[in-house]
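Q: All chains, please: the whole structure from these sequences, using the hints.
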Amino acid sequence: MPHDETVQREGAANGTVSLAEAAKIKYLTPHNARFVRTKGNMLSVTVENKAYPSVYLHCSFPHSNRNQYISVRTLENEEVGMIESLDDFPAELAELLKEQIAIRYFAPVISKVLAIKEEFGYAYWEAETQAGRCRFTVRNGGGNVKLVSDQKLLIQDVDGNRFLIERLDQLSEKEYRMVEMCL
Amino acid sequence: MGTIPNDICEVLKQNEQAPAPEEIKYWLRCDRTLKGGFQHTYVLLTEKELVLVHDPLTMLTETTFTGYTAVTNKDKWSKRFITRWNKGSKHNTVQKSIYSRDPDWKVECLAAEQIENVFIVNLVAAGLLVVKDLNGEERTLAAFSNSQMKKATRLVSQFEKLKRLEASKEERDEEKGAGTCPTCGMLYPQQERKVCPKCMKKHAIFSRLLGLAGKYRVSIVFIVLFMLLNAGTGLAIPYLQGTVLFDQALGGTGPFAGQIALVIGLIILFRTLSLVFGVLFGMINARLGANVAFDLKSGVFTAMQRLSLSFFQKKQTGQLMTRVNNDATELQFFFVDGISYFIVNAMNIVGIVIILLLMDWKLTLLCFIPMPFVMIIIRQAFPKLWRLSWRRHRRVAVMNAIISDTTRGTRVVKAFGKERQEMDRFQHSNMAFAGAEQNFNKMNSTVFPILTMLTQFGGLIIWAFGGAKVMQGELTFGVLMTFINYIFMLYGPIQFMNNIAGWWSYCMSAAQRIFEIQDAVPDVSEKKDAIHLEVIRGEIEVDDISFGYEPNKMILKQVTMHARPGQMIGVVGHSGAGKSTLVNLISRLYDVNEGEIRIDGHDVRDLSFDTLRSHIGIVSQETYVFMGTIAENIAYANPDCTLADIVHAAKIAKAHDFIEKLPDGYDTIVGTGGHSLSGGEKQRLSIARAILHNPSILILDEATASLDTETELQIQEALEMLIQGRTTIAIAHRLSTLRNADYLIVMDKGKVMEAGTHDELMHLEGMYYELVQKHDKALQMRGVG
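For the record, the sequence lines run as chains A and B. The first sequence begins at 38 in this note's numbering and counts up by one. The second sequence begins at 1425 in this note's numbering and counts up by one.
In short, the hints are calculated from the structure, not lab data. Treat the numbers as computed from the prediction; the structure is a model and nothing was measured. Worth double-checking, as some hints may not be accurate.
To be verified - Once the Cα atoms are required to be at most 30 Å apart in a straight line, the calculated DSS-like pairs of lysine-lysine come out as:
no.	chain 1	residue 1	chain 2	residue 2
1	B	Lys1808	A	Lys183
2	A	Lys76	B	Lys1556
3	B	Lys1449	B	Lys1587
A: Right under this line is the structure:
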């Protein structure tokens, strides 16, 4: 067992402060927070009688886990609290929160790469996505096409618009050949 | 801003409540839905209202983002289509075919007087346009992708101006930003990069490159001449070794009958000549190569120095270094190997084929039989080989990154006892690399032997058919030998020509990247008739300025301040409040987006760079020592100063004592590879540099932030000497250093929150008061106060 973990446990047993206590994160649960969709299509929350008319959801792990550790923040980037897991919320509410997350993180998922043409430091992509056919331009190099997990590829175009390939291994060989040259 | 599409104008005309199209002051086409997908929502701004034209049920079936110009030949139709999509067609309507159905536009008007403000919420790679009404109720109007961010920001600021009843100035500069290539109508891939890759490819690059070579015309002519002579003499050898030797000398016919010694002599002579020409060509070539690379590198470096700071911040420094080095080398190959080898190989091919055809056209055609197969293999296998080598290259890069990562982080690795884990990590990438390497080598060692075999097959065909002809007496043995030798000489040039397309585009992109730097227009440029001031008093007026490095991320909002000549102004605030940005704008490292900064009553944009640089001095937290001696570093701004000046400046800056302690004194070499100085020492050198520069306006940007208390005190004394008689703007987060400022401004989130003297602000008990309290408490806790 790693040494530091042992120390931490002993520390907790001795009555010293644990990590969770030291971090002082306010966790929002269905009991202490009430999320509501406003008439103007915004998300508002009331936490222990304090109302925040519009809040935004930031995923701590947007690429690996959008269900857990969601930070609820105001426009001024002040953290109202964190949601440990969406599963703690009733289905309907979880759905509302997921919608809000989707608004923030929406990036068309590429279902088929039609063509990638490289010329003079730019790659011109044409792809079928879940949001229709997209044509966009990606500057070569500089991490504009990067693997964010084992199989998931994130592509950013010249304006910073994002596109995703969820699973590289699901691409056909021809598609993979085109994509590989951009990695 | 562009004109509103006709179909939307029609909708406006047909709707009674909607304003007439002429009333629209500004408009924006949002392109996203909230749910995920693309959709057009028009947000139109008039003097009295905000108008929404949308159809929530119509989605876009295709979306083309900024810069897309991929047009293959088979794709001509889509080229026309995309251009039209971007520009609007002749009739200025959006193509119906991109909609999922015939749009049923709905118009919604929001009275401006009912709206408190409109703002943008930044999402990941997108934005949300939100209105807040007078009751404080917020509502999302529409979402848009990052491509529309600039326009959306503009819409918000236009709305604010209308709200404040300010006459909206004619916004001309935006048109400038929306760059399309005047020749082909394509959007430039990047707005700040006014280069159309399509048109550039056709005309400019090659002629520009040749223009560069023009200087070395004589060398190139000689190179080509010697190469041709080299090839010409080389071409004679197979003839001598074949038909002349076998048929004439040995066969006893023709002019060389029996003269074996003469023929051998001729062969030796031609070989020697060929060698001499080759050596001559190589010598000139080497010199030309070095010269061209030198020219290119110095050209790019000079161009880079001319550019504004923002250029360097947009591009990674590493990328720039690569550009200067690799691209220059790439182009060196273009001049040195490319042009000359191209000419010679082309001549070789033509020459050999003519000779072969003249000797025996039937045999010539026969020996081309394997050629299509060679071509097919090259076409098929080479892209694959290139892909495998790319994969290998990437794996090496990963492996190297791990090595350098671990080496630099050794302390951490050891401290956490993670050697095993690092070894596994390395092992993993090492295996991946080994696999890629094997695949590449396997392919490599399959393709080339096959190619060689095919090439030799051509020779075998000649042996077979030619041999039969020799037996029948239709052909002499010497001619056959000559033939075979020529065939083998032909394959090299043909392979070269086959690779030329790839090599060509490689060179052109290198050239284009280099030209891009040379052509880049600095964001901050000097006006043609800029005012030059010999002496300035040092009055600074910052008048209602706003500034952001990116649209909708305003760092400074409506900042105003005034410094009289000789005053010291202190700027305080949390980190990220925009303090450093403010001083960067005063010294015009960037230009303001709105408002004006005046020095002695002149807008800084009207002053010459020379005036600004010679009268404004900056001492910042970020100190930099250049390679060179300490004396040279101090004299950087004023290399002609006397030795006494250097010593005096160092003395005032409290640097003299530590310099004298060094064995080499003022001659100590510092900077990369030289003597290393501590943070405080470097800081004192930069203060000495500023003292010698003797500017009328001095900017101290956290000059003492990173130092320990004692060094800070020393430097503080030095600074107090320095600021006398100058207008000084000092940024500090240690408030104690600013107590004797004439005037303080307190900034937060890009805005000036409070302004006044120390006493006034303490009296106010506002943000400054709080900062001072916190500061004092912190000092007490550390036991310093």
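Q: Next, verify each hint and record whether it holds.
A: Against the structure, the hints:
Of the supplied pair hints, the one linking B/Lys1808 and A/Lys183 holds, its CA atoms being roughly 22 Å apart against a limit of 30 Å. At roughly 12 Å between alpha-carbon atoms, A/Lys76 and B/Lys1556 fall within 30 Å of each other, so this suggested pair holds. The straight-line distance between the Cα atoms of B/Lys1449 and B/Lys1587 is roughly 13 Å, inside the 30 Å bound, and the hint therefore holds.
Of the hints listed earlier, there is not a single one the structure fails to meet.
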